[in-house]
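Engineer: One-letter residues, chain by chain:
2 protein chains.
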Amino acid sequence: MQASEAKMTYAVLGVGAVGGLYGGLLAKSGCQVHFLARSDYQHLKQHGLRVESVWGNFDLPSVSVYQDARAMPVVDCVLVAWKTTSNHELSQVLPHLCGPKTMVLVLQNGLDVERSAAQVVGGEKVLGGCCFLCSNKIGPGHVRHLDYGRIAFGEYDSLLRGQITNRMQKIKQDFSLAGIDVQPAEDLWEVRWKKLAWNIPFNGLSVVLSADTSALMNHGPASQLAEELMIEVAESAAACGVAVPESHVQQMLTYTRNMVPYASSMLLDYQARRPLELEAIFGNPIRFAMAAGYQPKSIQMLYRQLQFIDWRNRAGQPG
Amino acid sequence: MQASEAKMTYAVLGVGAVGGLYGGLLAKSGCQVHFLARSDYQHLKQHGLRVESVWGNFDLPSVSVYQDARAMPVVDCVLVAWKTTSNHELSQVLPHLCGPKTMVLVLQNGLDVERSAAQVVGGEKVLGGCCFLCSNKIGPGHVRHLDYGRIAFGEYDSLLRGQITNRMQKIKQDFSLAGIDVQPAEDLWEVRWKKLAWNIPFNGLSVVLSADTSALMNHGPASQLAEELMIEVAESAAACGVAVPESHVQQMLTYTRNMVPYASSMLLDYQARRPLELEAIFGNPIRFAMAAGYQPKSIQMLYRQLQFIDWRNRAGQPG
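Protein sequences appear in the order of chains L and G.
Taking this note's numbering, the leading residue of the first sequence gets 874, the next gets one more, and so forth.
Taking this note's numbering, the leading residue of the second sequence gets 874, the next gets one more, and so forth.
So here's chain L without its partners, still in its complex pose (with noise of 0.2 Å):
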């Protein structure tokens, strides 16, 4: 690896509202960022990358960008983004970006989504962070960035639990250089069973309701059971052992009571007919619950309601 001072090499998997942003922003920083694309290719190829932020508009006319991994030059970090939906593919793609010192870092919303990639290139190279971002891709190699956009990163190995290692601090920089707004935390588990304490009731319910988050925090009742499911979230996150305290869900209530109307990125995954990242954010917080003994009835309600939904949504259409 590099001096401490160089900025690392990058692989960014997926060009969409994760990829393009973030990846984008680094290449404009100055690393080196070669993009893993697939219906994007040749857009991407011709036209480059073009983001519209709150954190000011660019272009990048010329991306490296590829359609096959085994084409792609080891790199320093691999930034997982796309839908945990495709994390099946990552057995044929990491192995072609990783050198012994590579570390993957998995974008991507749910719980324990970083196990795909641990399965592929052991679990000590891999590291996992959440995006609070309202981000999404609006046409081919074209990102539209409304607000937020902070990540909040942390070690996957459970021996690494609650350190703030180095090589965090090297993503920190090269992050913070190009204008991320980042947050090493000394606890992934944490900040991944807060973030589903969104994720839960709000992507779920904006499918199961078709309603945007405004619709939702209007409601009465609807507003009720958001909270409900996020004292679960609460709950469940209790029995495995991680905190998320109450004032975590009245600020997660208020936040999104003050959001601009927002469809989430579930509610635009169903209405594109994609399918739903159901295990990622609701299958694998349930087993993890009831494995500690709890079971949330509330989100396994509406996890099979989901599943029903998305077969439906999806029926005699390529998975």
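Rather than coming from a laboratory, the hints here were simulated on the basis of the structure.
Note that the coordinates shown come from a computational prediction; the quantities given were computed from them, not determined experimentally.
Identical chains share a label here; the pair holds if one copy fits it or two copies do between them.
Below 20 Å or equal to it, Euclidean Cα-Cα: the simulated DMTMM-like pairs (lysine to aspartate or glutamate) are: (1) K1170 / E1100; (2) K1170 / E1101; (3) K1010 / E925.
Model the placement of chain G on the given structure of chain L, informed by the hints.
Structural biologist: Structure of chain G alone, referenced to chain L:
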């Protein structure tokens, strides 16, 4: 009242799937039946009533129909056969139909739906019944009865709980002579809770998931959810001192699995943008269970989702 051999006189409130079928059958068998109609009044007056039924089709070219209860005679028995969402009108209607010995039989879904009638005429005059039938109003004065048809009914007054009263025998006699499958029950609350074991999961999920019974039963997680909701109904009933055995739950599931694909009455109400019977079918059972110390969490969640859906479905419309 007449001698025990004479048929009783009837008023039927609502000429829909329930009132049209049962009122029509009673009239056809020779009972004096007076219908109170709203939107269909002119059509019924001019063209009479048409019933297509698995028990045999028939037309009643001339029926005694009213649009104002003040013009109606006092009768021996009033059948309340409109939706519970119209029960606030009972205080304007029942006084005109009830003499000292009139009984009021409330043929509606839900729990404690007899209360509105009891508040007007006194609980000792009131009986309640559940109709196990697939029947729809398919046009003005036109009912289509597709399957089943049994009525189970009993006394509402707690002093009469456990009894098959003489007046219940009287109803049984008239209904049986009219060809109606009718079953006097000693415990109305048991009848109602057992019916709720079907209505709560299948009315509720059919609206939230926009699905008929067959789609729900053929999807693993959705049918599991239906079963869990049934079990919560059974536990709610148990808290209220009513036994709904596990065998009933299994029987209901088998019965639904073998049913023709059926759109629940609540789904039809939703599609027609009519108010949903949420208080009768959800609010009341939840309140009774909570008062008895049991919290039906999944039913509560379904109730809140339905409140949101019902509110949006009728936003900007007269309630």
